[in-house]
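Keeping their order, the protein sequence lines are chains Y and X.
In terms of this note's numbering, the first sequence opens at residue 1 and continues consecutively.
In terms of this note's numbering, the second sequence opens at residue 1 and continues consecutively.
By construction, these hints were calculated from the structure, which means they are not laboratory data.
Just so you know, even glycine gets a beta-carbon here, dropped at the ideal spot from N, CA and C.
Partial list, computed: chain X residues near chain Y (C-beta under 7 Å):
{"#": "1", "residue": "55"}
{"#": "2", "residue": "56"}
{"#": "3", "residue": "122"}
Estimated spans, in silico, between C-beta atoms of each pair:
{"#": "4", "chain 1": "X", "residue 1": "14", "chain 2": "Y", "residue 2": "45", "range": "36 to 44 Å"}
{"#": "5", "chain 1": "Y", "residue 1": "2", "chain 2": "X", "residue 2": "63", "range": "20 to 28 Å"}
{"#": "6", "chain 1": "Y", "residue 1": "38", "chain 2": "X", "residue 2": "140", "range": "34 to 42 Å"}
{"#": "7", "chain 1": "Y", "residue 1": "2", "chain 2": "X", "residue 2": "1", "range": "32 to 40 Å"}
{"#": "8", "chain 1": "X", "residue 1": "54", "chain 2": "Y", "residue 2": "14", "range": "14 to 22 Å"}
{"#": "9", "chain 1": "X", "residue 1": "27", "chain 2": "Y", "residue 2": "45", "range": "53 to 61 Å"}
{"#": "10", "chain 1": "X", "residue 1": "27", "chain 2": "Y", "residue 2": "14", "range": "50 to 58 Å"}
{"#": "11", "chain 1": "Y", "residue 1": "23", "chain 2": "X", "residue 2": "91", "range": "42 to 50 Å"}
{"#": "12", "chain 1": "X", "residue 1": "90", "chain 2": "Y", "residue 2": "50", "range": "33 to 41 Å"}
{"#": "13", "chain 1": "X", "residue 1": "73", "chain 2": "Y", "residue 2": "23", "range": "45 to 53 Å"}
{"#": "14", "chain 1": "X", "residue 1": "134", "chain 2": "Y", "residue 2": "63", "range": "20 to 28 Å"}
{"#": "15", "chain 1": "X", "residue 1": "84", "chain 2": "Y", "residue 2": "15", "range": "16 to 24 Å"}
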Amino acid sequence: MNVLYFAWVRQKIGHSEETIAHTPELRTVGDLVTMLATRGGGYAEAFADRKRLRAAVNQIHAGFDAPIAAGDEVAFFPPVTGG
Amino acid sequence: MSTNIHIQVEDFDVAEEIDALTRENPAATGAVATFTGTVRGDDGLTALTLEHYPGMTEREIARIAAEAEKRWPVSGITIIHRVGRLKVGERIVLVAVASSHRAAAFAACQFLMDFLKTLAPFWKQEERGDGIAWVEARSSDDAAAERWRKS
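Between the sequences and the hints, there should be enough to build the whole structure, so can you do that?
Pasting the structure below:
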């Protein structure tokens, strides 16, 4: 999976993009959040509060219960503030 | 119906965009409503820096435009959103809607702007004398978009 980070999520983690191998345990966006948070450091900080986080799967807004699969593009970011 | 979506660093000319939109379908166009968002210098703000999610941004805006087209008799839509660093007074966003009559043009323009605010993946940082901070999303923007779901 290609995983992207934007705005302060990117800043806390320290990079904007990475490849993460999909495993059977990673069934949903929420599973990926849980896994990434265990990495500690900036990851733990970025993923500490799910209420402050939004996600997209394959460039479509998705909830934490949305399924993910190998080859998906998953993005994490704060609530949007354009316009 | 044509939809023109541009995410760009460069400024835009509102009059030129209105002319271009009108020329696209003059037979069906009797009204063009526009909204222009600019950088407001309140509380000592000096500049904004905008980033976005390339690909998803265009896709999300196209989806919102398609929804507007379903609700109103729209003959053309232009949406331009700038990214990068913008100083106080600079233009950020343009939404222009052409329609046969004004009611649809006004309504669709507001609809597009309300959903752009809550769905299009842009993020702003504010610069003030003492530093730089990410802008928090506002619940009033969610409420503005929510009104349309009930109608």
